[in-house]
Structure formats: C-alpha cells, structure tokens
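*Asks:* Okay, here's what each chain looks like letter by letter:
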Amino acid sequence: MKYLVESFMQLLGRAPTKPEKDDITPAAQEIHFYKRGQKLDMDEVRRLHDEKQGKNKWLKRRWATLLFVNLLFVVSYYFDIQLLEGALTASRFLGFHMADLNSALQVMLAFKTVLINLLIGTVTVFVLWFLVGGRSFCSWVCPYHLLSEWAEKIHLWLAQKKLVKDIPFHRAIRSVFYVIFALLAFATGYTVFEAISPTGIVSRAIIYGPSLALLWVLFLLLFEIFVSRRAWCRYVCPIGITYGVVGLLSPMRVTYVLEDCKHEGDCRKVCLVPHVLDVTIKGRATDTRVPVGADCTRCGMCVDVCPTNSLRYEFSWLEQLK
Amino acid sequence: MTDDKSKEKPVKKPRVLDRKTQEARRRFLRSLGLAAGVVSASLVGFIPVVRGYNPRLRPPGALAEDEFLASCIKCGQCIQVCPVEAIKLTDIMDGFGNGTPHIDARAQACDFSCDGLQCVLACPTGSLSHDTNYPHQVRIGFAELARPDLCLAMQGKGFKGRIRDASFKGLFRYAELNRWQPLPVRGQEFDREICDLCIVHCPIEIRRNQCEAGHPPADDPNQCPPSRAIGLEPVEGGGMRPVIYEGCVGCGACEMVCPVTPAAIVVDMTKNADTVTA
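Line by line, the protein sequences give chains A and B.
The numbers in the UniProt record's numbering rise by one with no breaks, and the one at position 17 of the first sequence is 17.
The numbers in the UniProt record's numbering rise by one with no breaks, and the one at position 43 of the second sequence is 43.
Isolated chain B, as found in the complex:
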C-alpha cells in the first residue's frame, strides 16, 4: 500500500523548510535587526554634534572642535590634574562628545594656577595640543561684555563685599595670599571704588603686572604675555567700560567673578584672539 502511494505522488522537493533552516533564517534576520538597532543608536550621537546643541568651552590647548572630538580618548586625565577642578565631563546629551572634557567658566574658570598647563601635559592623544606651552598661547574663547547695562563699572558703580551668593564654590589663586593653594573666591572681601573685579582677576593681566614689576612667573620671561587682555576705559557720559584686548585667552576668570547675575561679561566660544585680530 505504501508503495502505491509513493507512486502516486511524484518525488518533490519539500517546500516547507526544516526547523533548523527556519531558525537559522530567523536568527540571521534578527541579527540584522540588532545591527540596525545598535548602529542607529550610536548614530543618534550625530544630532547634538551637527546641530551644535551644546557648545562647550574646551580645556586649554584644545584643538578645533571637530579634531578635538576625533582625538579625545575620553580618559579624564586632564580633569584629574586640574588644581581648581575647572574641567568637567560632558554627558550623553552631547552625543559623540559623551565623556569629553569641558569648562563651565561661570562655575569654575581656568585660572592657570597650575602655571604649567597640567591638563595639556596629561593629555595622551594631543587633543590638548602639546604645542601650547604658556597661558598666553591658550585660545579657549574670547571674552565679551555681553550685557553692558548690567555692568557695575559701566554704571560708574563700585563693589563692596563678597562675590556671588553663598552657594558659590569657585576657586582662584590669589598668589599674594597663598602661592600654592587656590582659595575660595567667596572667602574674599572686596572694596573697589569702581568695580574692576574682572580686571584684577584676569590671569593674563596678573602675569603682565608681575612681569612689569620685574618678577615674571617662575622667573621665566617666556611666561610674560605679549599683550594686554582687558582694561577699563572711560565711557562718554560717565562710567567705565571693560574693554577686551587681543591678549584675552578666554579662560573665563572674568565671567566667574563678575558680581552681577547673570554675568555682564562672558566668554564667547565662537571667537578667539586669533580670529578677532585676523
């Protein structure tokens, strides 16, 4: 009987795939799905980068943003060596920038209190260019009097008391008080007839003054900045205006210590001394 049946049905290739082949096919398709999923998840990182959602001040010596993102290995060694802890890590909202270092100048600016640009020396990949040897060569950004009407000096006002509110934790090296240890800005009492806090806190100005007094930092004349960074100039109709000169490196010390809120003076990260003077 069985023989009869087999004669009736001609031998045909089975149309139904066996289970093993089916499972293999499913697994293959699933794997393609996984690939598509993970690769698209990784490419989401493009959006904040291309759109420039989170423009960042980068640490001293940083290469141009694209090169910086290409070269940074995201190890945080620059963070570890900074004596004022000015450098912080970015998060996943920065896309491909996740894990790269940046500076929030208003919270804690780079005041060059390490003198030797420790972050640059610590960088293993050259994201912070090893061509940067002195503070005045740094090009983080360029300060700008963004809100002139808030500026106390512009209004001809002075400043008496402590900078910022009680929660402010920013540090600054007041070399005449302590050569080795940065102190809380909040701990200083000021009494200025015309507010010039941005000028007295400018690391470039401080260096120039030291050089002019004949005591360059670390007794190294190479440390002397070639040009001024900021100064007060009288405004028509009274008041003084903080004017930014080509020596500005964009360290953000002025932004950090500006006593009004929001800060009248901020660092513009789209510019630097080279682009401004060019």
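In isolation and in its complexed conformation, chain A is listed as follows:
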C-alpha cells in the first residue's frame, strides 16, 4: 500500500521520499549493508557500458512500434482498408471502437452525455493500456513524444556545449493543469485542452495533412530545446496523468533488481521522468526487486543503458500491492 501511495504521489508531482529503515525488507537491508562498504570501480562500469553501447534494442523497437501505429492510420485511410480508422483521439480498430482516455474524459466533461460507442471505446482502451502499462501510451504511441524525444536530444547536445540550460518547473504543476483543464471542459462546455493538445494535432496532421496548428507544436518543441527539457510531457500534458493512473496497478513494468546495480546513475540521466528511478540511488530500494512507479513511460531507455541488467521489463502482478 505504501508503494502505491508513493507511486501515485510521484505521479501527481511529489518528490520521491527516502524510505524509512522499517520499510526496507531484511534481504534488501543486507544488500545495502554490503554495498555500503564497496567502492565503485568506474573503469569496470565504463567497460560494461561500452559493451552495451549503441545497441539500443528497446529504443529501436519502440520507435518502430510508434511509427507503425501512426502509419497504420495513414495506410488504412489512403488505401481505404478499414484497419485502423480515425485518429489517436478516437478510432476504430477492425471495427471496434477505441477512444483516447483523456480525450474521452474531456468530451464527457464538456458534453455531459456519454454515448454507448464512446463508452465501449473508453473501456476497451482502458483495458488495453492497463495490460500494457499505462503511460506506455506516451512513449510507444504518442507521435508528439517522438518529436519531443528528438528535441530533447538537441537540447542535451546544446546543454553539453553550454549553449542552453534546462530550466525546471515544479512537477506538481501538471496535476494543477489536469484539474484546470477538467474544470474548463466542464464549465465552458468546450474541450479546451483538445484544441492545443499536440498529441491530437500531430496525429491528425499525419493522417489528414499538415495544418497551421503545427506552428503551435513547433513552438512547444522550440521551448523544449531552448528553455526547459521535455517541458510539455513533464509539466503540462494531462494525458500522461490519465494513463499514469491506468498504469498504477498495471502488470507491465520496468522492474529494478537491486543486487547487481552499480548505482552509477546513468539510467537517471536518460530517463524522461528521472524521479521514478530514485529507487536506484544507493540505499533507496525497499526490496531486492522493486517495480518502477506509475509515472514511468516504460520507454526502456534505462533498460538499454543499464550495464548490469538491473533494470528490465517484467510482466507480473505486483507483490507490492499486498
């Protein structure tokens, strides 16, 4: 239960908390005890990293999946094969209704009526993303995520050259946005967030052709390159919270295995949501295996970068929930 609360609070924007000694299992305490005496052999870590360098197994798979899903919409429309009709906000896969959970929520709040088709679509998508890990929608499907990922690479390159500096915001602001946009939809009767959501804009642009709205997306990308790293996904996008909640209890996880971890922290450098990886800091893990929190997008960057395979994908029901 403590795990769930911590995972949920992190999703909402609270900084990760250090676990009390009582919360750490004896087995984990033992490993922590032994590791305290060990000194990190950087040459060894570097050698392990070099061995793994450049494979990027999960990155390739993820990009391929993201492009495949988005292109399936396009192919389906242009060749009229009715495989995946619509856009990411709502679609029909082989005739089955699908509705993006956040878009559906906005429409329900604004319209205050729920049609059966929309309900079917919402439930279907809920079950789907519950099974494959909630925020995995963000990194495996959302087309803005991919653009943002490239923008992030430019940002990091410029930052390395000391040309830009990441200006962080408080992560809890995303929860504030969530409430604001929900209230706006309910109060005004317009799906206010949908008009500026880069996920919808980019998805529709891919399928139906370019629009002026892409200028807004371009502005967001420039903001992320020059001002604040990954600002939209980290601090604004309510879609992330919606799917994060779906992923709270999802069996699809990146799991942290304490034993072989060198605690050198390279996973946290590549992570879009590094607070979820605070569990990899020396002395933080509460158990020998800890599933990474709900805000994790299951993107697998940490899995790719980890030299000791201490971070890995797992599909299992969480023991932490007991």
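Mixed in with the good hints there might be a few duds.
Claimed, not checked - Below 30 Å or equal to it, Euclidean Cα-Cα: the simulated BS3-like pairs (lysine-lysine) are: (1) LYS20(B) with LYS2(A); (2) LYS162(A) with LYS20(B); (3) LYS165(A) with LYS20(B).
What the hints assert, rightly or not - Stretch-level coverage of chain A by chain B, calculated; a stretch enters the list once three of its residues show a Cβ under 8 Å from a Cβ in chain B: (4) 189-195; (5) 203-215.
Claimed, not checked - Label pairs and their computed distance ranges (CB to CB): (6) GLN181(B) with GLN160(A): 55 to 61 Å; (7) ARG25(B) with LYS18(A): 22 to 28 Å; (8) GLU246(B) with TRP150(A): 54 to 60 Å.
Hint data in this document are derived by calculation from the structure and do not stem from the laboratory.
Where a beta carbon is used, it is the ideal one built from N, C-alpha and C, also for glycine.
Following the hints, position chain B against chain A.
*Replies:* The following block gives chain B in isolation, referenced to the frame of chain A:
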C-alpha cells in the same frame, strides 16, 4: 577571539534565504508563470468561437454548434468514410473548433451519394446525431438565392457547356451514369434551355423524382423525402426564379453546381428547414 565575536553579535535568524529555498521559490513562481501561459494560450481559442469568426457548415446530423463543439472528439472518422470527400478539418484559426469537421459546399457539397449517412454512423460521440437516419432529416442549413441578379434563370438564360472552371474538382453521383462511383461535375456537358442546374442536382429532388417514378432509393419508401426542396417559378416580367421549399436540407449541392461566380445560390448556415417553417 572567535568567542568574543559571537558574544558581540546576538544570535539572529539569517535574513538571507539559503540557495535551496531561493531556488525552490523561483521554481514555484516560474511554474505559476507556466500555468498562466499555457492556460491563456488555450483560452485564446475562445475568441473565434465567441465572435463567430468562422461560421461553418457542419456534416449531416450535426448537433447545434455549441453541443457539437462540446461533443466532437476530433478523430476525423466522418472524413474517412465520405465517398465524395466533402468533409474537411478546421484548423487552429477556429479556436476550440480546431480539428472539427466542416463542409465547404462551394468546393464539394454533400450529395448523399453514400445513401446511408456514413458520417453519422462513423461518429463515435454522437456529435453527428444518430437520430438522423435519412437524407431528408438532415439540417445542415438552408439554401438561399443570395445573388438573384447573377442567376441565369432569373435572366431567362439557359446554360450550355461545362460547370465551373477547369480547376474545379467537385464530385457528384449521377446515378443514371454510375450508381456506385461519384463522377467529376466538370466532366459533364449540359445544355439547358433555362438554367436549372441547381434543381437537377438537388439530392432531395432527385430522391423525390425516384419515388414518384415508383423506384425509391434502395427500394425503401422511408427514403422518400416528404416535401420538395427547390423548384423554378416564373417571375413577373420574364425569367424563372429558383425557389427554396421546406424540404431543403442545406446540403449545398446547388451552391456547388451554380455555374456563375460567385454562386447565385448559397447555403445560409444560420437557418434550416425547421427554423424557416417554424
């Protein structure tokens, strides 16, 4: 010595905040700024909606504009099923309407060539109301002879040749030529003694004629429109006037095929058959 100094200065709370607190405060204020920025950016979308900068013809079955904007999930499934590609997406200049579907009747009107109102069936949220079953129940707008002096029929003139200029790509289902495939309007040669193109292209009139000939569309008598939509009536002093009747659904076929530029007949989106007859 150090002891002396500490005695001289009484212990005081430091007025200067430590760096961590300062940074936290700055971050908090910045975050408020971000919130203000993004929320105001999103609210800019109100302006075109409230001001009605871009009045739009919506696809068949669309709810009243406010409800339509509230319910449309902006997926474009209606666009994908339309056989004549009459439905297009609006852009960010429409504010909250960004990503919603509309019809530009002059470029491509809805000619109901799908018969079954595919866009309505495709709509997942009921923005295009599922209560709409037949073309004659549609209320997109109401046609109006906006420029009577341009109308060829009003001048007693006929029409010979092809409609619109060579760049015109509009499609229409000429059922007697091809039941399944809409054809380019531009590809048809016309020779009318008095120009009645708006009448011969009216989907409601076409349906009524089919019903009167004993062959209702899809052999379904329910498809028969209960009232006429448009007809020519003689004008005092010569010429004929296209008159709009209560059967008009505002599909815009007349506007699309009107051979003069600008079109003499257009769809008025502020009216529909119900408001006109009420």
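*Asks:* A separate judgement is required for each hint: does it hold in the structure or not?
*Replies:* Okay, the hints, checked on the actual structure:
With a CA separation close to 28 Å, the supplied pair LYS20(B) and LYS2(A) stays within the 30 Å bound. With a CA separation close to 22 Å, the supplied pair LYS162(A) and LYS20(B) stays within the 30 Å bound. The hinted pair formed by LYS165(A) and LYS20(B) meets the criterion: a straight-line CA distance of about 18 Å does not exceed 30 Å. Only when three residues or more bring their CB closer than 8 Å to a CB of chain B does the claim for the region 189-195 of chain A stand; here the count is 7, and the claim holds.
For the region 203-215 of chain A, the stated coverage by chain B is satisfied: 7 residues place a CB nearer than 8 Å to a CB of that chain, which reaches the threshold of 3. Range check, GLN181(B) to GLN160(A): Cβ separation about 58 Å, and the 55 to 61 Å hint holds. The given range of 22 to 28 Å is respected by ARG25(B) and LYS18(A), whose C-beta atoms sit roughly 23 Å from each other. Range check, GLU246(B) to TRP150(A): about 57 Å between beta-carbon atoms, so the 54 to 60 Å window is met.
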